[in-house]
Every structure is written in C-alpha cells, then in structure tokens.
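If you want the building blocks of each chain, they are given just below.
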Amino acid sequence: MSFITKPKVAHPQLPRNELNLTVRDYEGAMSTLCAGCGHDSITGAIMQAAFELAIPPYRMAKLSGIGCSSKTPAYFASASHGFNTVHGRMPSVATGANAANPDLYYIGVSGDGDTLSIGLGQFLHAVRRNLNMLYLIENNGVYGLTKGQFSASADVGSRAKKGETNQQPPIDPALTLLATGATFIARSFSGDREQLVPLIKAGLTHRGFAVIDVISPCVTFNDHEGSTKSYEFTRKHAMTAIYADFVPPAREIRAQYAAGEAMPVQMHDGSQIVLRKADGAYDPTDRVAAFEYIQTHQKAGEIVTGLLYIDETKPDMHELANTPPGPLASLPFAKVCPGNKTLASIQSRLR
Amino acid sequence: MSIVSKRPQDNDFTLKIGNVNGTGSASANSMLMKSLFRMGIPVCGKNYFPSNIQGLPTWYEIRVSAEGHLARSGRVDLMVAMNAETYRKDHADVAPAGYLLYDSTWPRSQLFNRTDIHILAVPLSRICNENFNNARSRILMKNIMYVGVLAALLDLDMNIIKQLLNEQFAAKASLLDANQKAIDLGFAYAKENFSCPLPFRARTLDKTRDHIMIDGNTTAALGCLYAGATVGAWYPITPSTSLMDAFKKFCDKYRKDPETGKANYCIIQAEDELGAIGMVLGASWNGARSFTPTSGPGISLMNEFLGYGYFTEIPAVVFDVQRCGPSTGMPTRTQQADLMACAYASHGDTRHVLLFPANPEEAFYQAVQAFDLAERLQTPVIVLTDLDIGMNDWMCRDLKWDDSYQPDRGKVLTAEQIAALPKFNRYTDTDGDGIAARTLPGTHPKGAFFTRGSGHNMYGAYTEDAAEYQAVVDRLRRKFDTAKELMPTAEADIDPKCRSGFLTIGSCDNAVKEARAQLAESGLRLNYLRVKGFPFGKDVQDYLDSHDRIYVVEQNRDAQLRSLLMLETRVDPNKLVPVLHYDGLPILARSVVDGVNQDLARGKAA
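Chains as they are written, first to last, in numbering that gives the first Met the number 0: chain H, 0 to 350; chain B, 0 to 605.
Worth double-checking, as some hints may not be accurate.
What follows is a list of derived Cβ distance ranges for each label pair [what the hints assert, rightly or not]: (1) H:127 - B:251: 15 to 25 Å; (2) H:329 - B:490: 31 to 41 Å; (3) H:35 - B:415: 43 to 53 Å; (4) H:225 - B:430: 57 to 67 Å.
If you want the footprint, here are the derived chain H segments under chain B, 3+ residues with CB under 8 Å [what the hints assert, rightly or not]: (5) 53-65; (6) 94-102; (7) 317-323; (8) 327-338.
Straight-line C-alpha distance at most 30 Å; calculated DSS-like pairs for lysine-lysine [unchecked claim]: (9) B:171 - B:255; (10) B:603 - B:574; (11) H:334 - B:399; (12) B:399 - H:340; (13) B:247 - H:334; (14) B:399 - B:261; (15) H:334 - B:261.
No wet-lab data here; the hints were simulated from the structure. Heads up, the beta-carbon is just placed ideally off N, CA and C, and yes, glycines get one too.
Just chain H, same shape as in the assembly:
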C-alpha cells in the first residue's frame, strides 16, 4: 500500500481504450491493505482487464462480502457501483441485482473465509443458477482481519504463524466447482499478472458464473515457512496447465499456434478465448478429466493453474427464467399491472 494519494493526473503518453479512458480511470480509493498483500495485485489486474475490455466504469457493479478481500472493491473503479454486503452473502445480493438488471457487469470479490466457510452455501447456489458474473476468490488460507486463524482452504499440514498445524482437509474451490456444475473454473496466482489479466477478461466475457480462485498470499499472517499459501511455496509449486488468450470481438487471431495446441472457444459476445495447452493431454471441456488431472497433480504437490474448465453452452439464470432484455425496473407500469378489469375477472371465480 501507499500512504501518498496519487494525483489524478494521467501521463499524456498513457494508452487509451475505446472509451478514451486510461487505466487510471479504473483506479479506486487508496488501498488500506498491508504492503505486499496479494489482493492489491489482483486489484491491479482487475483494473487492467476492465480497461482493456473498455467497460464503462459506471456500468460495473463490484460486490463483496466481509474480510480483507471484500474491502478491495473500494480500491478499484471509483466511478462504478460498490456493494459491500454482509459476510458470506454476496452471492444472493448479486443474484437479486442481476435478476433486476442483466445489463451491468457484475464482479464479485470474495475471500476463502467469505466463500468457503460462512458463504459456502450461497456460493454453490449461485453456481447452480449459473448467475452471469465474475467471482474472484482471493485465497490466502487464513483469516486476516481477525489475525491469523486457519480458513477452510488451508492445506493439511500447513503451519500457522504461531506454530499450530492444520489437521482438517481443505475445501478446494476448483474441485468443488467441478462437482457442482460450474461453467467457468480458473485458478491463478496474484503474482502472475500475465496469466491473471486474460483470465479476468475471459471471465467477464463468459455468459454464466465464472470463478477464478486466485492464490493471494497474506504477507502478515500466512507468508512464512511451512505455509502452503506463501509467495515462495506458490511460486515453486504452481504449474500452468493451460494459457488463455483473450481475443476481442472482430479482431482476428494473429498469434501463431502449433497445430493441436490451440483451442479457440467462442464467447457469447463474439469474442474468443484461445486456450493454449501447456500440457497437450489436458482437455478443459472434459469435466471428469479435469477433476482427475487436478487431483493427480495435487497429490504430486503441484497447484494446477490456468483456465481449468469452460462450458459456454449452458444457459444462464436469465435464459432459464425467460426474462426480457434490459432492467426489469424499466418495464412500463402498464406492462406489469393488469388493471381493474382483470382484477374483476379474477374475482368472478371467487364467489
């Protein structure tokens, strides 16, 4: 974090997007997280992705629950709408908000406590509804704001700062999501911006519930030797199974891919994600194979990253509910109120 508020003046040479905005227009309030916190890197990646996608900031809703991670929506896109809800309940608020207005970009930022402990129920039910939003888990295996308790994502044998060893098995978001029907599952590392930015762009473009589980080390409570969510451990054990290159709509694919290595996925808005396989055996559209691959590598001590699974064909909540395009609130009143004549005819059957 920085204690000096940066002046809101952009360097004239800063690149501009289609809205004539610079990345600085996607900045938020000054972060109050600890210096070196992984979450701040993720905040930076979100700003970069939103800038590159040229999303009008005021058309963005950024939602969160409670915890260090959930503070971060204040630290990007000041000109968008923040919704800092109660602990573990952001998915239900996002569901209602999205039900009422499908036209905004919904970005949820949560942590491992907010998502996998207090909020596990709401999280999985948002998955089942295939709610159209990007959901980031800033996963550090520890409760930061209450000073260092294990979270539900802490690995067995992982050691807390005060020496205690975690005995309970972790809830792995990626495996849980594979089992519950999620349509976009990615894992990344806050220290790997190269990987993270295109994943965020792909997640924002995905029609449905897109989750990116981002290992995001807690420098204060979980970055020591013996922790399996530290910078050092994650750098050493992360392995990319697949790279995702985001190709905006109406832009041709320029990069050259070796035959059999590239796998383009057509998104609903006309853009494409080109998946490049680091491991030729991996198929990110095969749920069962993905499950086995992640588990096998987990056994070998490796954290598989990249876009682990994608299914762009499943209907989202609105398609299932057959709702009209545009916000429900903007329907003319005459369309939603059947009037006195109809009321009289309803009552004729009640005598």
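We have chain H; now place chain B onto it with these hints.
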C-alpha cells in the same frame, strides 16, 4: 357481567368437520362453504390442519353468521366426525343440544354416549361401497357424500350445489356424475332417516353481494402483482408458501408479454431465507420492486440483512405470515408473536416500518402500500399477517383497483437530474425529511456510489469518525419520524364521552368487534382502535391520551403490542390492560369478553 352463550339459530351456527388429512376433504368443505356464501349468508372457513402430508387429523370449521360475526366462534353446533381417531374429542366438543354426525358403518354407540346431544348415524362407507367400485373413489365419495347429508339437514340450496359441481368438474364429466351421485345418496339418506331440516338451518339472505371468498396469501400475492413487483425471492415455509405459489400463478397468466412471450418477472427459489432477503435487497438496489414471503423462523434468519437494509437504505418488502413460535413452534397454528422481532430486527439501533392488515382485503391494499412506503422511505417494510389471515377462507368486500395508480418510486434521480448536479452524494439529506435521494446503478457516470454496511458518512464514504457516523444514524432516526406521517391511520370507532376502549391489531379485528357488540348488549360500551402500522402515528397517541383504561388485545403471550406502545409512545403503562390469546387457534370473542370481565372483577375486588 356474563354473556350467556346463545343457542344456534337459523343462519347462526358453526359446523365442524373432523377428517384425516390427505383424503380430499378440502373440496367437500369448500363446496359446503361456497353454497352457503352463494345463498347470501355471511360465512367463513377455518382450517385446523397438521404439519403433515397424509394420515393425521385435520378439522375444517364453518361459521355461519347472518350478523356477519366471522371470527372463530369457539363452539360446535354440528360436528361431522369422519376420523375415528378423534371421535372421543370431537364428541366432547359438541355444544349441548348440538349434533354429531358420524360414519355408522362401524357403529360406536358405546362411545357416543352423551345424552345432551343428538347423534346422527349415517353409514357413509357402506353406502359408498354399495355404489362405487374403485377403492380411491370410495374414500373421496365418502367425503362428498356428507355434503349431501348436510344439504338435507341444513336445507342448503341443491341447485347451487349442482352448479358448484358443474363448475368444479366442467372438464371431467365422469367425476361430475360420481360426485353428483354421492351427494344425492347422502341427501336421500338424511331425508329418509332424520327429521330435516334441523332446528337451525340456512335461509337465503342477500348479504354476500359484492363480496368474495379468498385467503390473505392470495390477496397479498395480488397486491404484489398489482404493485408491479418484478422480483420475488423466497424459501418455502409454512404458512407463507401459498403466497409465492399464488404470485407465480398470477404472473404466469398476467405477466407474460403477449408479443415476445417473455416473463416480465423473475421468481427465484433461494437456498434459504438469508439468500431470499439478500436477493430482494440486490434487486431493489437495482430498482426492481422486490419482495419475499416468510414466517417467524425466516425472520430470525433474515435479521442481519434487515439491519443491513435499514443502514444502507435499500427498499425491501417482506411478508411475515406469522405462525406459532417460539422456535419451530406449531407451524400450522396462528399467532401474532413476531411483533417485537420485526420492529427491532437486527443488532444495533435498528427499527423497521411494519404494516398490520386485519384480513385478506386489507392484505391486498397494504401489500401495494408496502412497496410505496419501502421505496419512499428507502428501507425494509415488513407486512405482518398471520396463518389465520393467510390461509383461512375469508369473506371480504370486492377488491378494487384504481387504474390511475402510479407507484411511488421515492427519490430516485434520473440521468438528467444527476447530470445537473455538481456532485451526487448518496446519503445527503437535502430537504430535511431524513431521506436522501438515490439513483439506480448504471444510470449516469456521475451517479456512482458505494453501498456498505460499515460506518459511512453523508457522502457514502467509509468512516470511523465519531461525528460523521452519528450524523448518519441521527438522520435515520429523523427518517423514522417521517415514516410516522406516512403510515395508514388506525381504524377507529370512538365516542368522545367514553373513556375506556379497546386497542388491537391485525386478525383480532373480528373477534374484538364481536366482543364489543356483546359487551354493549350487556351495557358496557367500549371505544375501538385498531393500529394498522408501526411506527405509531399521532392518532394512536391521541387515543392513548384520551382514554383511562385501554384493553390491548393481541395474540401472543408476552403482550408485545402493549410493550411496543410503552416503548414508542408517552402512555402510562398502568392504563394498558393486556388481553391475550395465544394457544395457536384464532382468537375468539369469548376470550376478549373474558379478559375485560376479569379486569372489571379485579377492579371491584380492589
């Protein structure tokens, strides 16, 4: 003074049907009630059912009252005992000189040994077995057959019954014939074996014109439909479930866009009540009129979000169809025991706007009003009905809709209004009513704001500053004063010379009015006030000020309405006499009369 309980008379009696749930008795009971209604006689039906799907005892009670007293009567003049398991109790419950009708295929003369009542033995099963082949239809026809028996005993209009059958089975001719046959068999048996009609019977009147028979969950759903609610989120819970069922049914029919076929609504079955209220807040934040129906346990779960809605100032409409608490309590029994839980739901200094409809008719209008209040005040509004209002069959006046109605969306700034501002501040009150203007997300680039349940200042920014925090909660307090001005005025019947009166709430209405009539007959006149909302308005304070003795009638053990009055008005608690009914069955006039008499007796003794 004591009220002598009157003998049943023509158009003034109660009949009760004891049955086994899951045997299809509902259609027989509804046919009985509707035939009385169509004969122009005021009538109501109360269903005492178990929290179960099949096999447990269930009762349906029909009160007929030419004078229009339609609270539970608390007496049984004619018992139709169709469930051997409850014979003993049903037999004991019949009022002296009353009647008990039972299926005498298996005679029980030993058990039915009271000499002060009449036993009507009808071999229903035997007649069914002789006339119907299939096992399931024998059970169903046994139920419809007692309608025929009662039609003869009570002199019901057979043409109306025939008409009702035709309407019900319009699409299934074979069922129509079977049902008609069962009714005719029952009718003939009664004519042949009993002296028909009984000393008390139905006589055609003209007192149900411009009325309907309906339950309050259906009218509340209609209110949501007409108010323009587009997002409904819920978790099924008795006794509120039929509210969302009805809303869904109405939406399927009246909210499908005729041109596009699209659904102009979104109903979401949530994973729990926490999710349901979260969805309502999310949808309301985006400007959709949104609601959730629930009951007591749901209110308990929603507490954190209700406080969030209060503090972040997001509209929400919640229906609490109250049932018997505490805890799981008795899910299929009624009570008004969530008043305190709703008024101050959530931790910290919270308080909520409440509405208290008395019957299905008011539930319709107050449902609409709830959305207007929630959006005007930017806060959750809880409509407290109960199982009696929500699930029982009430006779009420026709519902009317004013086609010129426009929803009050409150202070919602448009893109043009935002553009004209030097700066938009979400939580700044510019006109002193405690309500700050909001805007809907995505409206205008200058309209961005941050919604947070953590401490915030008048600009919407995070704060831990003492003065900034206090300015916001003080404004919320002022907003609650504004709410007082907007609440519906209480129903009042006041003789200024009289210094004693009732003060009551919700579904106590009919019982208190009936008690008041009975007390007046015996010479005690009492004024009447029924509060319709919280916070209490000036009319409530005036009533409290101008009376020396006030009977506060409510359906809970702890006198919660009385507590609210003590907390929120300047009343001297000594003049508030609690009159309480809380056994889970709807309140009776008798319990109100008894409460008043006990107080008077105490006064004499002192």
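Results of checking the hints against the structure:
no., hint, result
1, H:127 - B:251: 15 to 25 Å, "holds (23 Å)"
2, H:329 - B:490: 31 to 41 Å, "holds (38 Å)"
3, H:35 - B:415: 43 to 53 Å, "holds (46 Å)"
4, H:225 - B:430: 57 to 67 Å, "holds (60 Å)"
5, 53-65, "holds (count 5)"
6, 94-102, "holds (count 8)"
7, 317-323, "holds (count 5)"
8, 327-338, "holds (count 10)"
9, B:171 - B:255, "holds (28 Å)"
10, B:603 - B:574, "holds (16 Å)"
11, H:334 - B:399, "holds (19 Å)"
12, B:399 - H:340, "holds (9 Å)"
13, B:247 - H:334, "holds (16 Å)"
14, B:399 - B:261, "holds (28 Å)"
15, H:334 - B:261, "holds (12 Å)"
Hint check: no violations occur; every hint is consistent with the structure.
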